[in-house]
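2 protein chains.
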Amino acid sequence: MVPQARYLTGNKEDIKEFIDKFDAPTEDARRIGVLWSGEHLFEGTVETLELLKGKGKQIVFVTNNSTKSRSDYKKKLTDMGIPATVDEVFGSSYSAAIYISRILKLPADKKTVYVLGESGIETELDSENIPHIGGTDPSLNRIISNEDYASIASGSSLNPSVGVVLCGLDYHLNYLKLCLAYHYLQRGATFLATNIDTTLPSAGKLFAGAGACHAPLVAMMGGTKPTSLGKPSQAMMDAIEGKFRFERGRACMIGDRLDTDVRFGIEGKLGGTLCVLTGVTRSAEDWKDGETVPSVYVDKLGDLREGA
Amino acid sequence: MVPQARYLTGNKEDIKEFIDKFDAPTEDARRIGVLWSGEHLFEGTVETLELLKGKGKQIVFVTNNSTKSRSDYKKKLTDMGIPATVDEVFGSSYSAAIYISRILKLPADKKTVYVLGESGIETELDSENIPHIGGTDPSLNRIISNEDYASIASGSSLNPSVGVVLCGLDYHLNYLKLCLAYHYLQRGATFLATNIDTTLPSAGKLFAGAGACHAPLVAMMGGTKPTSLGKPSQAMMDAIEGKFRFERGRACMIGDRLDTDVRFGIEGKLGGTLCVLTGVTRSAEDWKDGETVPSVYVDKLGDLREGA
Numbered sequence: 001m002v003p004q005a006r007y008l009t010g011n012k013e014d015i016k017e018f019i020d021k022f023d024a025p026t027e028d029a030r031r032i033g034v035l036w037s038g039e040h041l042f043e044g045t046v047e048t049l050e051l052l053k054g055k056g057k058q059i060v061f062v063t064n065n066s067t068k069s070r071s072d073y074k075k076k077l078t079d080m081g082i083p084a085t086v087d088e089v090f091g092s093s094y095s096a097a098i099y100i101s102r103i104l105k106l107p108a109d110k111k112t113v114y115v116l117g118e119s120g121i122e123t124e125l126d127s128e129n130i131p132h133i134g135g136t137d138p139s140l141n142r143i144i145s146n147e148d149y150a151s152i153a154s155g156s157s158l159n160p161s162v163g164v165v166l167c168g169l170d171y172h173l174n175y176l177k178l179c180l181a182y183h184y185l186q187r188g189a190t191f192l193a194t195n196i197d198t199t200l201p202s203a204g205k206l207f208a209g210a211g212a213c214h215a216p217l218v219a220m221m222g223g224t225k226p227t228s229l230g231k232p233s234q235a236m237m238d239a240i241e242g243k244f245r246f247e248r249g250r251a252c253m254i255g256d257r258l259d260t261d262v263r264f265g266i267e268g269k270l271g272g273t274l275c276v277l278t279g280v281t282r283s284a285e286d287w288k289d290g291e292t293v294p295s296v297y298v299d300k301l302g303d304l305r306e307g308a
Numbered sequence: 001m002v003p004q005a006r007y008l009t010g011n012k013e014d015i016k017e018f019i020d021k022f023d024a025p026t027e028d029a030r031r032i033g034v035l036w037s038g039e040h041l042f043e044g045t046v047e048t049l050e051l052l053k054g055k056g057k058q059i060v061f062v063t064n065n066s067t068k069s070r071s072d073y074k075k076k077l078t079d080m081g082i083p084a085t086v087d088e089v090f091g092s093s094y095s096a097a098i099y100i101s102r103i104l105k106l107p108a109d110k111k112t113v114y115v116l117g118e119s120g121i122e123t124e125l126d127s128e129n130i131p132h133i134g135g136t137d138p139s140l141n142r143i144i145s146n147e148d149y150a151s152i153a154s155g156s157s158l159n160p161s162v163g164v165v166l167c168g169l170d171y172h173l174n175y176l177k178l179c180l181a182y183h184y185l186q187r188g189a190t191f192l193a194t195n196i197d198t199t200l201p202s203a204g205k206l207f208a209g210a211g212a213c214h215a216p217l218v219a220m221m222g223g224t225k226p227t228s229l230g231k232p233s234q235a236m237m238d239a240i241e242g243k244f245r246f247e248r249g250r251a252c253m254i255g256d257r258l259d260t261d262v263r264f265g266i267e268g269k270l271g272g273t274l275c276v277l278t279g280v281t282r283s284a285e286d287w288k289d290g291e292t293v294p295s296v297y298v299d300k301l302g303d304l305r306e307g308a
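These protein sequences, in sequence, are chains B and P.
Residue numbering for the first sequence follows full-length UniProt numbering, starting at 1 and increasing by one per position.
Residue numbering for the second sequence follows full-length UniProt numbering, starting at 1 and increasing by one per position.
Chain B on its own, in the form it takes in the complex (with noise of 0.2 Å):
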C-alpha cells in the first residue's frame, strides 16, 4: 500500500496535533525552499520559529551546503532575520568533521586531511582539531606544471600523513587539485564527502554541486564512491543525535525536497516528516509513485502559525 501524506494547511487541530507531537523539528536551512528563496523570506518563518521554541521545540537547522562554516551559517540567518546559535545550525561541512575526529580511527600517522572544497569544510575541520591541507590554499589555484606530474608521481610532492580525502562544494575546483586527490586516494586514503548533490540551486536555475565536483574522482576509481556525511546519509543522523541526544520518535525533520530531506528523515525513523511546497517539490503530485512520502505536508512552513 502507497503511504500517504496528510495535508496540513487549513486544518488547525491537526497542525496543533502535529506540533504536539514532537520535540526537535529539524529544519532543512538550505538557501532556496523553507525558509527563504534568494533574497525573500517566506511569509510566516519567524513567527513559526518562534511559536515552535514557544512550545519548548529544539530546532536545528541542518544544511548540506559545505561552502559555508556553522558561524556563517548563523550570521546568514540572522542577516535574513532569523534569530539562531551557531548550536542550532548542523552543516554538512561540520558533520563530516565530527565523523573524522569521533568515529575515523585514523592511524596516528595519517591524520591529516586533504580538502577540495571552500573555508567552510577548513573552519569546521579547525573546529575539531583536524590537520589539512589543500582547500583553499592559494599555491594550488594554478594549472599543473611538469615537474606537478613528475613530483605527484613520485610522490615527492605529496604529505605522507594524508588519511582523508573529504571533498564539497568547490568554486576552486582545478585540473591539479584533482589529480592531487587522486594520487591520495590512490595511495590509500578514505574517500569522504560532505554531501554527494549533483546540483545548486541558485537564481532559480541549477549549478554544479559539491557531487559534481567529486564526480571526476569517482570516474577516475573506477566507480567506487565517497562515503557522504550530508543529508541524506544516516551518517549525518548518527553526528546529530550523538550531538543533540533527542528521541528519534519526537524529532521531525522538515525539509522541501523528497529524495534529500524527507529520506533523510524516513530513514533515520524519525516520528514525523513535514515537506513544504515552496522549494523543489511543488505538490503532493511528486510523490504520487509512493517511493518518498512526507507524513505530513504544507503549502509553507507559515501555514503551522494556524496552529498557535
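Treat each hint with caution, since some may be false.
As the list makes no split between identical chains, a pair holds if one copy fits it or if it spans any two.
Said to hold, decoys possible - For lysine-lysine, the following DSBU-like pairs were computed, each having C-alpha atoms within a straight-line distance of at most 30 Å: (1) Lys300 <-> Lys21; (2) Lys225 <-> Lys75; (3) Lys225 <-> Lys205; (4) Lys57 <-> Lys243; (5) Lys110 <-> Lys205.
It is worth saying that the hints were derived from the structure and are not from the lab.
Let chain B serve as the given structure and place chain P on it in line with the hints.
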C-alpha cells in the same frame, strides 16, 4: 571458445605473412605504449615504420589525445625522429570536428560549439570552419561571480547559437566552465566528447583524462553520457574510413591497450589487431578472460623488422 592470439616475436615467416596481409595498419600513437615511453623511442620503431611504408602500407597514427591538433602531433612525431605527415595523423579532436561538420546535421542557427578543452580541439574545429566558443578563452579562467549566476540562469550570457558541447581533456577546467557547459546542455545542445578515457598515463602514473573532465556534467545530467569520437567508439572508425577509404579486411589496428585499441579494431571488423607489450598490456595473461583478444601480438613493434 576463447579466441587465441598468435605470438609473432621470433617467428619470421609468421611476421612476413602478417605484414603481407595488410594494406593500412593504424598505429596507436599515444604517449606511452606503442612508439615510445616518455622521451624514449622503443628500439626498432623507426625502422619498422620504414619497412611497412617500403612495402606500400598506409600508416595512420590514431590518438585519443585531444589536447594536440594533427599538426602538433606531426611535430611531436618528427621531434621523436619518426617521419610523418599531418595527413597520417588522426586524433580524437579531428575526429570530433569531422563528425560535427559532416555527420551531425546542426540547424543553421545552432552551429556553434562550446568547447571544454584545449587548443587542439579549437585548431581542428577551425580546420572544418566550425564556429566555437569557450575552450582557451582567457576570460573564462576565473571564479564564478554572483553576476554569472544571474546571467547564466537568465540565459543573457549564453550564446543562443550553441548547438554542441564538445568535451576533451581540459587542464584549465573550472567551476564556471562546467556550469556554462551544463546550461548549454540543459538548453538542448548535443553532448559530445573527444574520448572517454578517465585516466591518462604520465610520469609512470595515472592522471585525469577527458572522461574525468566531463564526469561532473554526466553527474549533473543524471547519468547521460556524451557520444565519444575517440577509440573505441566506432564513430571514430567511420570517420577514419571516410577519409582514407581503406578496405577494413585489409587493415590492422596496432595498439597497447585491450579496452581501447584492440577493441576498436575488433568492433570495427578490421582484418587484424596487433597488441604490443610495451605499454599498458604486459603479457598474454591480460586477455586470458577472453573478452578482448588481439589476433596477434609481439613484445615490441620493432619485432616486425624480423619480417623484412
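When the hints from earlier in the document are held up against this structure, which numbers fail? Hint 2 contradicted; others consistent.
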